[in-house]
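**Student:** Build the full structure now, drawing on both the sequences and the hints.
Given next are the chains, with one letter for each unit.
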Amino acid sequence: MERYIKLLKECGVDVWFIKERSVLSNELFFIKKRLDMRRINDSKDSVITVYTDKDENGTRMRGRTDIIVAETMTDEEIKKLIKEAKYAAQFSLNPFYELPAPEKSDCIVQESTLNDVEFSKIADMFADAAYEVDNDGESFINSLEIFVEEHKVHMIGSKGTDVAYVKRLVNGEIITQCKSLQDVETYEQFAYDNLATDDFKRLLKNTLKHTKDRSFAKDKPKTGVSDVIISDAHMPELMKFYFARGDASMIYPKYSNYEIGLNVQGDDVKGDRLNILYEPEDPFNDEGIRMVERTFLEDGVVKTICGNQRLSYYLGIPQIGMYRKGKMPAGSVSLEDMKKDCIHVVNFSSFETSAMDGSFRGEIRLAYGYDKDGNVSLITGGSVNGSLLKSQKDFCFSKEIQNLDNYIGPVAVKLKDVAIGGE
Amino acid sequence: MKVQESDYIKENKPLFKKLLDSLLKEYEYASIMAVDAFGKNYSVSRNGINISADSRMNVQRGYTVKVYSGGCFAEYSGNAIDEDKISETLDIIKNDLLRLSADREKSQYNVPEDEPIVFNKSTDFEIDPAQMGDEAIIEKLKKMHADGLAKDERVIDCITRYVYQKYSKLFLSPNRDMTQNVMWGVAAVIALAPKGEEIKDGYRPVSILGGAEIFDLVGNCVDGAVKEALELIDSEPLKPGTYECVCSPETTGMIVHEAFGHGVEMDMFVKDRALAQKYMGEYVASPLITMHDGNAVDDTATYFFDDEGTLASDTVIIEKGILKAGISDLQSAGALGTKPTGNGRRQDYTRKAYTRMTNTYFEAGTDKLEDMIASVKDGLFLESPSSGMEDPKNWGIQCMVNVAREIKDGKFTGKIYSPIILTGYVPDLLKSITMVSDKIQTSGSGFCGKGHKEWVKVSDGGPYIKATINLG
Chain U
38 MERYIKLLKE CGVDVWFIKE RSVLSNELFF IKKRLDMRRI NDSKDSVITV
88 YTDKDENGTR MRGRTDIIVA ETMTDEEIKK LIKEAKYAAQ FSLNPFYELP
138 APEKSDCIVQ ESTLNDVEFS KIADMFADAA YEVDNDGESF INSLEIFVEE
188 HKVHMIGSKG TDVAYVKRLV NGEIITQCKS LQDVETYEQF AYDNLATDDF
238 KRLLKNTLKH TKDRSFAKDK PKTGVSDVII SDAHMPELMK FYFARGDASM
288 IYPKYSNYEI GLNVQGDDVK GDRLNILYEP EDPFNDEGIR MVERTFLEDG
338 VVKTICGNQR LSYYLGIPQI GMYRKGKMPA GSVSLEDMKK DCIHVVNFSS
388 FETSAMDGSF RGEIRLAYGY DKDGNVSLIT GGSVNGSLLK SQKDFCFSKE
438 IQNLDNYIGP VAVKLKDVAI GGE
Chain C
4 MKVQESDYIK ENKPLFKKLL DSLLKEYEYA SIMAVDAFGK NYSVSRNGIN
54 ISADSRMNVQ RGYTVKVYSG GCFAEYSGNA IDEDKISETL DIIKNDLLRL
104 SADREKSQYN VPEDEPIVFN KSTDFEIDPA QMGDEAIIEK LKKMHADGLA
154 KDERVIDCIT RYVYQKYSKL FLSPNRDMTQ NVMWGVAAVI ALAPKGEEIK
204 DGYRPVSILG GAEIFDLVGN CVDGAVKEAL ELIDSEPLKP GTYECVCSPE
254 TTGMIVHEAF GHGVEMDMFV KDRALAQKYM GEYVASPLIT MHDGNAVDDT
304 ATYFFDDEGT LASDTVIIEK GILKAGISDL QSAGALGTKP TGNGRRQDYT
354 RKAYTRMTNT YFEAGTDKLE DMIASVKDGL FLESPSSGME DPKNWGIQCM
404 VNVAREIKDG KFTGKIYSPI ILTGYVPDLL KSITMVSDKI QTSGSGFCGK
454 GHKEWVKVSD GGPYIKATIN LG
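Protein chains in written order, with the numbering used here: chain U, 38 to 460; chain C, 4 to 475.
In short, the hints are calculated from the structure, not lab data. Predicted model only: the values in this text are computed from it and were never measured.
Pairs of lysine-lysine residues, derived as DSS-like cross-links and limited to a Cα-Cα distance of at most 30 Å, are as follows:
id, chain 1, residue 1, chain 2, residue 2
1, U, Lys376, U, Lys216
2, U, Lys362, U, Lys238
3, C, Lys411, C, Lys230
4, C, Lys109, U, Lys242
5, C, Lys418, U, Lys291
6, C, Lys21, U, Lys116
7, C, Lys434, U, Lys257
8, U, Lys216, C, Lys109
9, U, Lys91, U, Lys141
10, U, Lys70, C, Lys97
11, U, Lys189, C, Lys88
12, C, Lys13, U, Lys81
13, U, Lys246, U, Lys259
The calculated label-pair distances, taken between Cβ atoms and stated as ranges, are:
id, chain 1, residue 1, chain 2, residue 2, range
14, C, Glu14, U, Ala228, 35 to 41 Å
15, C, Asp155, U, Gly411, 48 to 54 Å
16, C, Glu91, U, Gly298, 53 to 59 Å
17, U, Asn94, C, Asp99, 56 to 62 Å
18, U, Glu330, C, Ala153, 43 to 49 Å
By construction, the Cβ of each residue, glycine as well, lies at the ideal position given by its N, Cα and C atoms.
**Tutor:** This is how it looks when you write it as structure tokens:
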């Protein structure tokens, strides 16, 4: 870091920010029960942000450019990049904005049970957990990828910021297969910031069950309109709409009408009101701002707007950084009680929510269809195509809670009158 | 002009060769893939002006070492290379990498074929973006942004973007010493217009294997994006059902890529995850359809060799409706006993190589677009694809398009439906193709993921096609 600071000074850059980041990862790739590939990645680089201030027709402007530099670069190479960035910053001028107040902190080791075990053993612990529950006989693990990562981040800024943190996480993907009646598979991603091998086993057991059920599923849903239950890992995708709408990058250019005090669900809400807390994913964001839990929506009313330093300054709101992780309270109805006269989609090809228009859609890989008496049928194929702007009046969140890496909250939500494509 | 080799690759090649020689003293096979990539993102929008070179998708410098030990492969990736690092890397591979999960049963492979190949090749460009300069590029984007906003007061933003990447890659193995130098670029316009709380967007991208001459191709992008955003204000949801459709080349490209292309990635064959494996030699599409992947066209995914040192090729996947071949990386081809097709690609040097598509497209047919439209009695014209998801195991389709234009009695009615989701069974859709236009277009504006990760630059496209499609 000292080297970069010296080179920035030699290039005449007065305002700057450096984020040094290193990643060490151990990676295992399995096909069936065999280990197909092992990998170690050990890489390190830094993002240097160069700021330039200028008066343009009497208006104070600030430009910035980011570059990536590697330790193995020579001083001459780095100076060339800094000078180019300084030059480029003159042409990315935006109205002036202050940088956030500097933070200082010793290196924070993010609390995690992953810190309690030897790094090189973690991938095997997750692999052992997976294969421990891979004993159904009919439904089995087709392939598994496990990535164990240790991230070290150190940020220094010319205004005095000097913060650092270390965090470990485990992520990957798992594919389960079943050949009982039809040869089918289920794809699931996972991500944990703790040694959550029991959660991983639960995920795998559910995935194996869904895969077996899909093997027996033949029928598409009936084309029309139905109440739909969205659950599990699709919940954060659905809630992503609100995070995007509450971000300064959508509010400043007026893509979103969110402002403090706005009731985002409107007045005629018959279902559950939205209560969402912003949760920190890391101790500090990319701009060196300390991340803490904050109230985003309270009973559907906007309490906090988040965003990057520049747009937050323009909007005149506190520079608190951007949040992507949410925490929601439990609902009042159990998932079991929701299962009447509706379709519960447990697996999509891909489930997507648009921040622009609030639409959500996906092709159904497995769903359970429930009639008025709760009798169940298996569904595969067809599609769900709805709008959160309509569905948000009638949210019904489950009592059960799940804890994912980017979402803590109800396992499921029931949405009314969603368009179904099928037969 | 030819893209120049990076100084980093040139200057450090002796060190990489030394590292390879040291590895080959201990391992039966080893290879090194080193990359030096630089690129910039430029954008102008209501959010401001941005110039950055901070995306690892575009800017990366590092290397991947692959070793063959005990009948299987292992990889180390890093970005520090000097004399000291050579012995350190050898130690990490021996004492850390090969001890990872050491007691488990492992897949067994043969040593890869390694016929001697030596070359240093470059793609062409006309205007170097670095020479054109940040000021000129931003001025062009600012003008397009202003033009878009001025077209209609309902347009709340007109986002203009340009991104380019110039990379050099070096591949070394016992018998191969190859360098490639490539540059691609993408420019795009996104116009936004509100409809109540919804924001409708019109999107027009262009892509090129080349440099800043891409700005000669953006002519109609602003008009197209603004027109589409405004038209979408009056769009309606579509009643789900089965429709006679004419697809734009971009929509054809998404069907080619998402619906079928992922299903012939042969690492999926190795895992028993692809239905295509069972249909080799059988009709999977209309006889009007011939499908390619590879370097027979120049677009953003054109290269000379892949990230495992296999030469790029032109794979004919479907020939006149019959499934002929899949695409493969080195390891998958080894497992299946086939010849690798040059499709082993990494997101960046820190990631594993998988079988990935490159430029994937249907060949042109003989029909004229106007005849295709005129032949539709009651159907839709599908354009502006937004995303898709593969289902190689069951050939389910999930593709999203933004615009469906109603056609009645061979004429556009002016009515637009949006958003649209394409569903159904891939061979049903491909076999239903009855008309194929006489020209193709490819577009490399996006990145492709494997599952939900491992993003690589791809292009896809083809002609206008007429097919029967389930829409929701």
